[in-house]
Amino acid sequence: MRPSRLILGIVGLWGWLSLATMHAEPPSVSPGQAALDAAARQGQYLFVLVYKQDDAATQAMKSTLDQALAKMPSRASMTSVWANDPAEKGLMDRWGLSRTPMPIVLAVAPNGAITGGFPLKLTEQDIHSAMVSPGTAACLKGIQARKLVLLCVLPPRVGQPPAGVREFQADPANKAMTELVIVRADDSAEAGFLQTLGINQSTTQPVTAMLLPPGSMIGSFTGEVTKAQLAERLKVAQSGCCPGGNCGPNSCCPPGRK
Amino acid sequence: MRLWTLIRKELFERPVPMLTCLVAIVLGVTALVAIRTVTYFSELAVAREMDALGANVLILPKGVTVQDYYAADLHGEKLPEEYVQRVALSKLQGVDNLSPKLCVPTTLNGRPVTLTGILPKSEFQAKVAWGGAGIFSHPIGCGTQAGLPTTPPDPKTLARKRVIETLGPREALVGSDVAQQHAIAQGDSIELLGDRFTVLAILPATGTIDDSRIFAHLHAVQELSGQGEVVNVIEIVGCCKQIAAGLVNGLNQLLPEARIITITQVVQTQQNVNRLMERLSLVFLAVLLAVGGAAMFSTLYGNVSERKKEIGTLMALGATPTLVLGLIVGKALVLGTAGGILGFALGSVSAWWLGPLLANVAVQPLPWLGALALGLAVTVTFLASLIPAWRAARLDPCVCFKEV
Numbered sequence: 001m002r003p004s005r006l007i008l009g010i011v012g013l014w015g016w017l018s019l020a021t022m023h024a025e026p027p028s029v030s031p032g033q034a035a036l037d038a039a040a041r042q043g044q045y046l047f048v049l050v051y052k053q054d055d056a057a058t059q060a061m062k063s064t065l066d067q068a069l070a071k072m073p074s075r076a077s078m079t080s081v082w083a084n085d086p087a088e089k090g091l092m093d094r095w096g097l098s099r100t101p102m103p104i105v106l107a108v109a110p111n112g113a114i115t116g117g118f119p120l121k122l123t124e125q126d127i128h129s130a131m132v133s134p135g136t137a138a139c140l141k142g143i144q145a146r147k148l149v150l151l152c153v154l155p156p157r158v159g160q161p162p163a164g165v166r167e168f169q170a171d172p173a174n175k176a177m178t179e180l181v182i183v184r185a186d187d188s189a190e191a192g193f194l195q196t197l198g199i200n201q202s203t204t205q206p207v208t209a210m211l212l213p214p215g216s217m218i219g220s221f222t223g224e225v226t227k228a229q230l231a232e233r234l235k236v237a238q239s240g241c242c243p244g245g246n247c248g249p250n251s252c253c254p255p256g257r258k
Numbered sequence: 001m002r003l004w005t006l007i008r009k010e011l012f013e014r015p016v017p018m019l020t021c022l023v024a025i026v027l028g029v030t031a032l033v034a035i036r037t038v039t040y041f042s043e044l045a046v047a048r049e050m051d052a053l054g055a056n057v058l059i060l061p062k063g064v065t066v067q068d069y070y071a072a073d074l075h076g077e078k079l080p081e082e083y084v085q086r087v088a089l090s091k092l093q094g095v096d097n098l099s100p101k102l103c104v105p106t107t108l109n110g111r112p113v114t115l116t117g118i119l120p121k122s123e124f125q126a127k128v129a130w131g132g133a134g135i136f137s138h139p140i141g142c143g144t145q146a147g148l149p150t151t152p153p154d155p156k157t158l159a160r161k162r163v164i165e166t167l168g169p170r171e172a173l174v175g176s177d178v179a180q181q182h183a184i185a186q187g188d189s190i191e192l193l194g195d196r197f198t199v200l201a202i203l204p205a206t207g208t209i210d211d212s213r214i215f216a217h218l219h220a221v222q223e224l225s226g227q228g229e230v231v232n233v234i235e236i237v238g239c240c241k242q243i244a245a246g247l248v249n250g251l252n253q254l255l256p257e258a259r260i261i262t263i264t265q266v267v268q269t270q271q272n273v274n275r276l277m278e279r280l281s282l283v284f285l286a287v288l289l290a291v292g293g294a295a296m297f298s299t300l301y302g303n304v305s306e307r308k309k310e311i312g313t314l315m316a317l318g319a320t321p322t323l324v325l326g327l328i329v330g331k332a333l334v335l336g337t338a339g340g341i342l343g344f345a346l347g348s349v350s351a352w353w354l355g356p357l358l359a360n361v362a363v364q365p366l367p368w369l370g371a372l373a374l375g376l377a378v379t380v381t382f383l384a385s386l387i388p389a390w391r392a393a394r395l396d397p398c399v400c401f402k403e404v
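Listed in order, the protein sequences are those of chains A and B.
Here the numbering used here is used: position 200 in the first sequence is 200, and no number is missing along the way.
Here the numbering used here is used: position 87 in the second sequence is 87, and no number is missing along the way.
Worth flagging that the hints you see were computed from the coordinates, not collected in a lab.
All of these numbers come straight from a predicted model, not from anything done at the bench.
There may be inaccurate statements among the hints.
Only pairs whose alpha carbons sit at most 20 Å apart, straight line, appear in this in silico DMTMM-like list of lysine to aspartate or glutamate [to be verified]: (1) A/Lys235 / B/Glu257; (2) A/Lys52 / B/Glu165; (3) B/Lys78 / B/Glu229; (4) A/Lys89 / B/Glu229; (5) B/Lys91 / A/Glu124; (6) A/Lys121 / B/Glu257; (7) A/Lys52 / B/Glu82; (8) A/Lys89 / B/Glu82.
Covered stretches of chain A (in silico footprint by chain B; criterion: 3 or more residues with CB under 8 Å from a CB of chain B, positions within the stretch not fixed) [what the hints assert, rightly or not]: (9) 32 to 46; (10) 93 to 100; (11) 179 to 189.
Label pairs and their in silico Cβ distance ranges [to be verified]: (12) B/Lys91 / A/Ala173: 29 to 39 Å; (13) A/Thr204 / B/Gly246: 34 to 44 Å; (14) A/Ala173 / B/Thr166: 14 to 24 Å; (15) A/Ala176 / B/Gly194: 33 to 43 Å; (16) A/Ala173 / B/Gly194: 20 to 30 Å; (17) A/Ala56 / B/Lys91: 17 to 27 Å; (18) A/Asp186 / B/Lys91: 26 to 36 Å.
Note that beta-carbon positions come from the ideal geometry of N, C-alpha and C, so glycine has one too.
Excised from the complex, chain A in its bound form (with noise of 0.2 Å):
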């Protein structure tokens, strides 16, 4: 054999299998992976029907869930999975639903957060309360990572967050563990969100909520507010008495204590 055709024959073999390679599937994610990857390009909420038996409750569930999606196509879907199934035990391990009653229910927003889970039975009105707003979605992701969310609400005329949330969320012993989300305050979207936390949205100065996993509200600051100010009001939630779980019997705290 020539030379050359060797070489030819070397390159060809080479050109196929990169382009073989390229045209490769990319390394297979599980049904409901690929449902929650395309309802969060879609930019849609994904109902995520986890059942162990096809039974009667999984059924009413599923009902459910069709009746209600199919009125908002372009918001919501859904999709069901198998609680037992081997693809979808990186699904199960994330979400921690080994020893959750079946069938659930979970509500994901587009950005990822779990904004509701509904066992053994559903409504519409629960599918619906799960569909919350973005900056709602944005704080209850920030509070499944564990972090302490600061939820800034911005006036109209105001760009920016207060100069002591952009230094506490700067300093390296808070940046891992603080969220900033910022809302404006005209928004309409937001506007059961703030009412929830008690801001009014007319409010002409920022607003900034402290918000602590697994979820409540420790405090808010209206106008500027320093770094040490935020970190005073998160040293003093974390030594309450009650946070911990040691109330008294008649009250949340015992005498003297806050």
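Given chain A's structure and the hints, the job is docking chain B onto it.
Leaving out everything else, chain B in the frame of chain A:
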């Protein structure tokens, strides 16, 4: 002759009636002190338990009754573990922490020991944050514990707060008594149910049954004991305000197959006993007043009547009515003081012996109760002596001799 010398001589003049008086006073004070001391320490134990456990709620299998909070998981009945997730996923407000437990008898170095499976908070806390926007409306200080990653978890919090942040599948927490008996130290490796566990920490002594237990991850205990996905009890550390606002009702609706009881209900029996003993102490107070006072009155009154001649002679020799009054009252006060001191001493000893038997509490003397007992005994005897003393002081020596 000085008044004190007269009183001293008078006390030993007719000792039997005086001794009878003293015994009546001593017995009354003893009973009062013993009951009040046991009640005080029993109430203190209940209050301490309430304070330590706060507004805790127990989820138990139907039909299980509980007398001791710390032994609530030692009944052998079981609940599905999925109840933990149902509570965590519910929108009930006021659930601060959850602590499911499964107890398995096993041996350590050939000696029996109770292995308790517990679920660390990290296993279910994430699900609490699945509650949507509603979770942010939970009251501050109720239903939340700042669980930031920067907060280093202390495994010893289990002893105090009844929950633990994280626990590995083959890690164990050892109660102080077990650690002492088996000379176990932090970092040691121990064999339980045929598998090796690393001792994560030795728990501080609590004075409860928890001191004689070993705690390990619930799922490890379930797996090694072959019990399946079950627990014996689920403890809920709840916020008291929310409990009052209907947390227990909410739990009853969520888990109709289970029995929901609060710490208040667990200690109810003890509180009832305390109330009964408190009333009983009032009865003894009445007995002390009535019997002691009546005995002292009748003895002194009879004494004055019998000894008119002696009192008259004393007065004829120059004793003033005030001296005679002081003599009778002084004698009564000495008896009251002696009765109070002796009664307090006997009552404290009785309480020290009866406390562990009756109320399962260790007791010690209460100085303020000693002062109270002494004050009461002296007051009763003083009041009982007033009429006889007044009568003796008004005796006319001439009339006394005339009668003779």
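A quick look at each hint next to the structure:
1. A/Lys235 / B/Glu257: Measuring from Cα to Cα gives roughly 41 Å; hence the hint is violated.
2. A/Lys52 / B/Glu165: violated, 29 Å
3. B/Lys78 / B/Glu229: Holds. Lysine 78 of chain B to glutamate 229 of chain B sits at ~10 Å (cutoff 20 Å).
4. A/Lys89 / B/Glu229: Holds: lysine 89 of chain A and glutamate 229 of chain B sit about 19 Å apart, inside 20 Å.
5. B/Lys91 / A/Glu124: holds, 16 Å
6. A/Lys121 / B/Glu257: Roughly 17 Å separates the two Cα atoms, so the pair holds.
7. A/Lys52 / B/Glu82: holds, 14 Å
8. A/Lys89 / B/Glu82: holds, 19 Å
9. 32 to 46: violated (count 0)
10. 93 to 100: holds (count 3)
11. 179 to 189: violated (count 0)
12. B/Lys91 / A/Ala173: 29 to 39 Å: Holds, at about 34 Å.
13. A/Thr204 / B/Gly246: 34 to 44 Å: At 39 Å between Cβs, range holds.
14. A/Ala173 / B/Thr166: 14 to 24 Å: About 21 Å separates the Cβ atoms of alanine 173 of chain A and threonine 166 of chain B, which means 14 to 24 Å holds.
15. A/Ala176 / B/Gly194: 33 to 43 Å: holds, 40 Å
16. A/Ala173 / B/Gly194: 20 to 30 Å: violated, 45 Å
17. A/Ala56 / B/Lys91: 17 to 27 Å: holds, 24 Å
18. A/Asp186 / B/Lys91: 26 to 36 Å: holds, 29 Å
Hints 1, 2, 9, 11 and 16 from the earlier list are contradicted by this structure; the remaining hints agree with it.
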